[in-house]
Structures are given as C-alpha cells and as structure tokens.
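**Student:** This is what each chain is made of:
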Amino acid sequence: MSGNGARAVLDRTADRMVHATAVERLAIAVASTLLALALGAVVVAASGYDAVEFVSSLAYGAFGSKSNVAFTLRQSTMLIIAGVAVAVAFRAGVFNIGVQGQFVVGGFATSVTILFLAPYLPTGTVGGVLLIVFGTIAAILAGGAYAALPGLMKAYADANEVITTIMLNFIASGVVFYLVDSQLRPSGAAAPNTEQFPDYVELPSLVFDSSSFSVVGLGVALATVIVVAVVMSRTRFGYDLVTSGYQESAAAYSGVDPKRTVVTTMTFSGMVAGLTGAMFAIMILGYYSDPATFPRFGFDAIAVSLLAANNPLGVVPAGILFGGLDAGGQYIGFTLDVPSELVDGVVGLVVLFVATPELFRMAGRRTGLGGDRK
Amino acid sequence: MSDTQVPAVDLDGITKRFGDVVANDGVDLSLEKGSVHALVGENGAGKTTLMSVLYGLYEPDGGTISVDGEPREFDSPRDAIDAGVGMIHQHFQLVDTMTVVQNVVLGHEPAERGLVDEGSARRDIEEICATYGFDVDEHLDTRVEDLGVGVQQRVEIVKSLYRGADVLVLDEPTAVLTPQEVEGLFDVMTELTERGRSLIFITHKLDEALAVADHITVLRDGESVGTVEASETTREELARMMVGRDVLFDYPARETSPGAVTLGVDDLRVEDDRGLEQVGGVDLEVREGEVFGVAGVDGNGQAELVEALTGLRSAESGTVTFDGRDVTDASRRERIDAGIAYVPEDRQEEGLVQDYDLVRNALLGNQTVAPYVENGFVDWGAVRTHAEDIVEQYDVQPPNAEAEAGSLSGGNQQKFVVGRELEHQPDLVVASHPTRGVDIGSIEFIHERLFEMRDAGMAVLLVSSKLDEVQKLSDRIAVMYEGEFVGMVDPDEVTEEELGLLMAGRSPDSGGASAEASADAPPESVVDDGESTSDGGVES
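Here the protein sequences come in this chain order: S and F. Each position in the first sequence, counted from 1, maps to that position plus 1 in our numbering. Each position in the second sequence, counted from 1, maps to that position plus 593 in our numbering.
Hints listed in this document are in silico derivations from the structure and should not be mistaken for laboratory results. The beta carbon of each residue, even a glycine, is placed where N, CA and C say it ideally should be. You may find that some hints are simply not true.
Beyond 12 Å from chain F on every Cβ pair, some chain S residues (computed) [unchecked claim]:
1. 50
2. 210
3. 217
4. 250
5. 268
6. 342
Result set (SDA-like, lysine to any residue): computed pairs, CA atoms no more than 25 Å apart in a straight line [stated by the list, open to error]:
7. S/260 x F/967
8. F/798 x F/833
9. S/260 x F/907
10. S/260 x F/939
11. S/260 x F/920
12. F/798 x F/756
13. S/260 x F/922
Which stretches of chain F does chain S cover? Using the computed rule of at least three CB atoms under 8 Å from a CB of chain S, they are [claimed, not checked]:
14. 914-927
15. 938-947
16. 964-974
Produce the complete structure using the sequences and hints provided.
**Tutor:** As structure tokens, this is what we get:
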C-alpha cells in the first residue's frame, strides 16, 4: 500500500540521517557551499554582473592574501566565541537572543576597566597583560550579570527570554552610547569614542602582522570552545544543563531546579558573550565607541550556532565559514560595483544551503554521498 | 430500534500490539444503529487504542472493521471520516483563534471557484443546529477560545456531523465538563440517537455509562470482558467486570513486620498547575518493611500527591516527614539525597531522557552521587559500569548500555528505571503506576523487586489504578477519591467490588449515596485495618 511505502521510505531516510558520520556531514557542507555559490553565480549573472569575477572576488576576499586571511580569522574569532555563547544557551533550551547586548556590555566593561586602571598600573608589557586580564575578567562578569537579568526574569516572573533579551540589546546599546558619549568622550573630540587604550594594551600580532587580528585572540576562541565543550560533556553542571534542554521534565525529576538552571545557563552564556566584547575592545578597536556602529556578531552568532547544531565543537568550522563569507562579502563591497543586497543574498544562499544539513544528508545518501554520482 | 439488524459498526477480533505490549487482544464490539454503546474500563485497559483503530489512527494487527455491514480498512482518519465515522477527542481538535464557522469547515471548506463559500457553510451549520437543537449557531462568529468548554465540545460534534458522520466516538467526553455540562451532553447524545446517529461513549465512570448507554462493553487489560445491556446490569456487576482479578502468581508471604515510620504525611494539601486543589488534606504513614498502596481512578489527586512527596511540587499546607525529619519544603535534590527513590508514572517524560543512551540515563538523578560525580566532574567510566550492572541485573533487553532509551520497549525502559532507582538502597520507594504499559513478564519482575525492597526493610508507597496490583502488593490500601482518602482497607479482606465502588467515590453499603458524602465520612464497614485510627492512616 502506498501509505506503507511512504512510511518505509521515511523510516529509512531517518535512519540514514541519524547515521551520517562527521566526515559525510563535512563533505555535504562543502558540497552545499559549492552548490550555493553556483546558484548564486547564476543569480549574479542574471542580474547583469560578471559572475566569475563575483565568485573569484568572494574567494579572494576570504583567503586570497595574508591580510584577507587575517580579516577572515578576525571575524571568525568573534563569531566562534559569540557562537559558543549562543550554543550554551540553546543547548539548555534557553533562547538567548541577547548575545549582542551582552557583548556590548562586556566590551564596555573592558574599556572602562582598562581606561580607569591604566594610571595605577605600570606601563609596558606587565601593565598591558594585567590590564588585558582585568579587562577580560570585567567583561566576563559584566556579560554574565547582564544575561542573568533575563534569566531571573524568565525563572521568577515568567517573562519570555526571547523578548527580554532582544529588548535588553537595545537598552545595552542606548545606555552604553550615552555613557561613552557623555562621560568618556575626551573633551573636544567630535566622535562619540573613548580615549584610545594605552598602546601597550594589545595582543601580540604574531604571524599575520595585522593591527586588528592576533593569533592569541583566535587561541582564546579555541580555548573557550574546549573549555565549554568539556563543561558541557564532563561536568555535572553541563549534564544538568543539557538534560534540561533535551527534556525539562526529566531534568526536574532528576533533581535539577529548572528555575536555577535557567539563571545559571543565561549567566554562563552571557559570560562567554562578555568575553566576545573583551576581544572586540582589545583586539579589534583599541578604544570603545557607539555600539550602534559595531558589527552584529551577536546575531550572526545565532546562525553560526544553529549551523553547528548548537555543538560547541561544531561552532569552529561554522564560525570560520561565516567569517570567510563575511570577509569575502565585504571585499566585494569595496571592490566591485555590485549592490550589497546581492552580496548579502548570495551569502544568505550559502547559509541556507549549509543550514539544511538534513536535506542534504538525505539527498547525499540517496545519490551515493553526492560525489560518487553526479 | 427493531429493524436494525446490521450494526452501524462491527469490530471483530481487533488485536493491536505495541512491541511486547498487547493493547487490544481480540476485542469484539457491535454498535447497534441509533444507540449509545458505552466502552468502559480502567485507564490503560485499551479503550482509546481500540477507538484509534476504528478511527484509522492505528492499523490493527488482526481483526476486521465493518461499517454498515461492509468490511473497511482505514489508513487514516480521513478514510474513517469518509466512511461516516467521527471522533470527538478528549482534547478538542479546534483552532482557538479561529471562529466556530472556520473551525467547522476547516479541511472541508465548501469552495466556489476556489473561494470558500462561507454562506453555504453557515446554512449547513445552522441546519445541523436546528435539527439537533444545538445552540452552536448563536456563536458562529465567536472565536473558539472565547467559548466555554461545553460549547466547544458541541462545536466538535457539529464539526463531525458537518463532515457527514453517522457514527460518533466520544473519548471520555465528560472528563472536562462540570456536572451541569455533563447533563447537557447527555441531552445532546439522546438527541443524536433519536435522529438515527450511533454513538460510542468512552468512560471509566460507571454511573455515566448506566445513565446514558444502551449497551456497555467492559475492557480490561486489552481484552473484552463482556457486553451487557445497560438496563439489565448493576453498578456492582460492572465494577466486578472492570477490576476483576488477574491471575498473578502467588507471592511469598511477608516475613518481617513493619518497623518505624519512614514517611509521615499530615493534612497535606496540594494544588495543580491551575491552582485547583487536587489533594485535600491527606494523612498517611508508611513504615519500614511495608507496602502502602494508594488505589484510585486516575486524576483523583494521586499524581499531585506523589509529586508533593517526591519534591516536584510544593505543598500548600500540611507536613511531610521522612525518617523523622520535616522535609515539607525540601527540594527534589535534597529528597533524592536523603534516600527517597521515585519510580515515576511517566517514564517517557520523566524517568528517562529518550535521546540519551542508557549510560547517560544512568546518571539521571545520581548527579550528586559518588563515584559517578566527584568535585563536579562526571566519571563516565563509573556511570557506564553502573548502567551495565543495571542492564544485567534487571534483565534489560537488548543488553546494550549504549542503546538509546527511546528505542527500548516500555517494559524494558521501566525495568531500567526501576533498577536505577532501587540500586541505591533508598529508605523509601515511591512507585507510581510502576507496571503501566508493561508486559506481563516485566510486571512479575518489577513486583518481585518491590517485594525484595519491602523485605529488606524499606518503605514502599505504591500508587496504582490496577486493583489486582494494589491488592497483591500492599499491606494496607488507601482509596483516593477527589483528593482525599475515602477508605482504608485491608487488602486480604476487601473485595474487588468494594474497592471498585470506593474508587468510584461510593460507599459499598449505601450504593446510591453521593460521592461527596462518602468522601467526608469514610465508610466504616470496610475500615478493617485495626490500627488505622491510631497510626493516622485514615483521615477521620
């Protein structure tokens, strides 16, 4: 009967999806990126632009030169840390859409800490390291505290965290702008910027010789990934958190306090988001500014995390892919006369294609892993 | 109803299995045209499964369905609807934010050149309402969420009639209604049968079946116990049929006598999520080496009582003591650590994380227990060993600790949960419906484990709606009805009829006495525990 046939097919495909290996999934991700680029090229050509130049510029902008690679890695660093912040919360079934706000607040805490402590600490490398450490700690604390707010509101006032975190993004942006503009702007300066950090407060630009990217920053991102992955898989806290995400009633049954878990999850997620802000202020800016002008790492991080199936380890390749697309897209914007909407559209196409792994895993399996056969 | 030789619906030998569990075993049911046929039985007896087979939701493993004398095979509810079979689910299938008209025509919109012809739908609905005397047409443009539950139910019925249903299956329709609304529903049912529709009425309330049905079929453990004429049966006969004793093998008599009080509950009151009082002043004591059974039809406060005892729900008032300590406000975690094990009613939602393998499930509830967790870090090796031990000792099939919990059959899931909960030498085991949906072999196994716990001196609180189970396992039985203990009985002396009637909120003696009266004054005739007044086992 046709009903049975359809059910059997569904059974088989589900089975296949479940058993796709990591290598297969990576192969599919690459295949879908290429397919999306091919499709994007068609769209670009149809719009009357040079598709070959478009795609080659995208690739060149992402990894065509040493400085372009540095830019890709810089964006990736931010997206990886922010992506981990999102993944932590999503894994626990808490939707922290406020990573952007926590990142803004974290970076602000770093900036204030560095600017206020600098006069009291020695100059030079020692002072620089101390200021970076204190600034980073301040960012982690501030990001955690700022995220704890919506956590508390969800746990004890039943306020939907999606809404509160989005609202708190605006509040963070507005308040930080006010404070930077009215309190920290050097008198006479036109732009709403703080003073520059002392020039010894910077991460060493090893390998890439870039003023806004340091391998140390990428190292911090990777270390964050590892720490979070270990916490999630090997600690009681992580088990409670992940169990709450899978099945809240089972978590409650096992003695996990659902309200407390919401608060601790948000705090943990916000701490990582705050770290993103520290890296942004120290590694990229070297001062602080109007948050409305900042890149929207906190929002892109949601897509990064989802692409990684909210797995902290998966955030690394997902973050690099997004970083590369971002860098390539920006490069096209500078060099080609292509509307930015078209660039965004093609980038979106890539994300869409990669983010439907189920679809591609199914299709890949059916055609013998999309490569054996055409 | 003399010329209705061909039954409206004829179910012949319906068998439905879920894994090892036989939910329906060769059930026959013949629905006479223009009549109400009640299907009664305990929760889990297979009523809803049987009706889901009829409605095309499940494919039967055996047996045939005939509608109007014609054999039919339903692959989906759509087929059943086309054959004139409609179902009113316990949880209404209405879209709250849409109006009554929109809900009624949903999926069957009369279309004219691709546009919904609401005018014709309106006329049809008004005609149906006029025919049956429904008030639904007064609310045609009201959104469903603004209607009372009783009206929503009538909207569901109109929806089925609109789709041309001649046979309506009502799945526990009274469960959500107030007594007044129940009266209204019965009027509607009478109206329907007078106009030639045939109804199957699922309930576990005997009075309702007797009041409104022409025939009554009793299901027990997936089998039909028999079909009787409503006019020729009695509540007692139905109670006996419904709860009749299974032949379970004989358990060894207890060797120890109960010791000190492990769990003490004093005037406990608990509310549900909606703020309605579900437990209204319960007193009980469970002693070391004793099984205390709580019998009752589901939904009489047992779930809330268990949650309050295990720390999943806070009590409104009253006290709970455990090993002499007041734990009324203790968290779930504190109670686990103090030695209260809990076999939950819902292993799918609570007892196991379906997507976890058994290793990760073995940690569930043990997050503070060494050696599995030390200094906040999980020792997965130790947890794995633990999981493998449970799998081996509790005969979990397949014997693979890396199997996902969701892939196991109900019986094996339950054995794993029981194993995990009992492995830590708790002082108290709270077991809620520990054998629901579990195959016979596993039932025996789980019962034996509970006896071992008792003999090892642990206190066991057993909540079950299976009377044979409660009677077999318990040293004392409290019957819970509408949030209170209405009777305290000795399992060796009480009869199933008496238990069944107590569970229905009635004193066995007074038969027709109202439920409220018997809840306030426990029937002394069955209080035969000797020490029930002194140990606080009965609310008096």
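**Student:** All hints, please: hold or fail.
**Tutor:** Results for each hint:
1. 50: 40 Å, holds
2. 210: 41 Å, holds
3. 217: Holds, since 28 Å exceeds 12 Å.
4. 250: Violated: least Cβ distance 5 Å, not greater than 12 Å.
5. 268: Since the minimum Cβ distance to chain F is about 16 Å, residue 268 of chain S lies beyond 12 Å and the statement holds.
6. 342: Nearest chain F Cβ is 35 Å from residue 342 of chain S, so the label holds.
7. S/260 x F/967: Holds - the C-alpha atoms of residue 967 of chain F and residue 260 of chain S are around 24 Å apart, at most 25 Å.
8. F/798 x F/833: Status holds; Cα separation ~13 Å.
9. S/260 x F/907: 14 Å, holds
10. S/260 x F/939: 22 Å, holds
11. S/260 x F/920: 20 Å, holds
12. F/798 x F/756: 29 Å, violated
13. S/260 x F/922: Distance of about 16 Å is within 25 Å: holds.
14. 914-927: holds (count 3)
15. 938-947: holds (count 7)
16. 964-974: holds (count 5)
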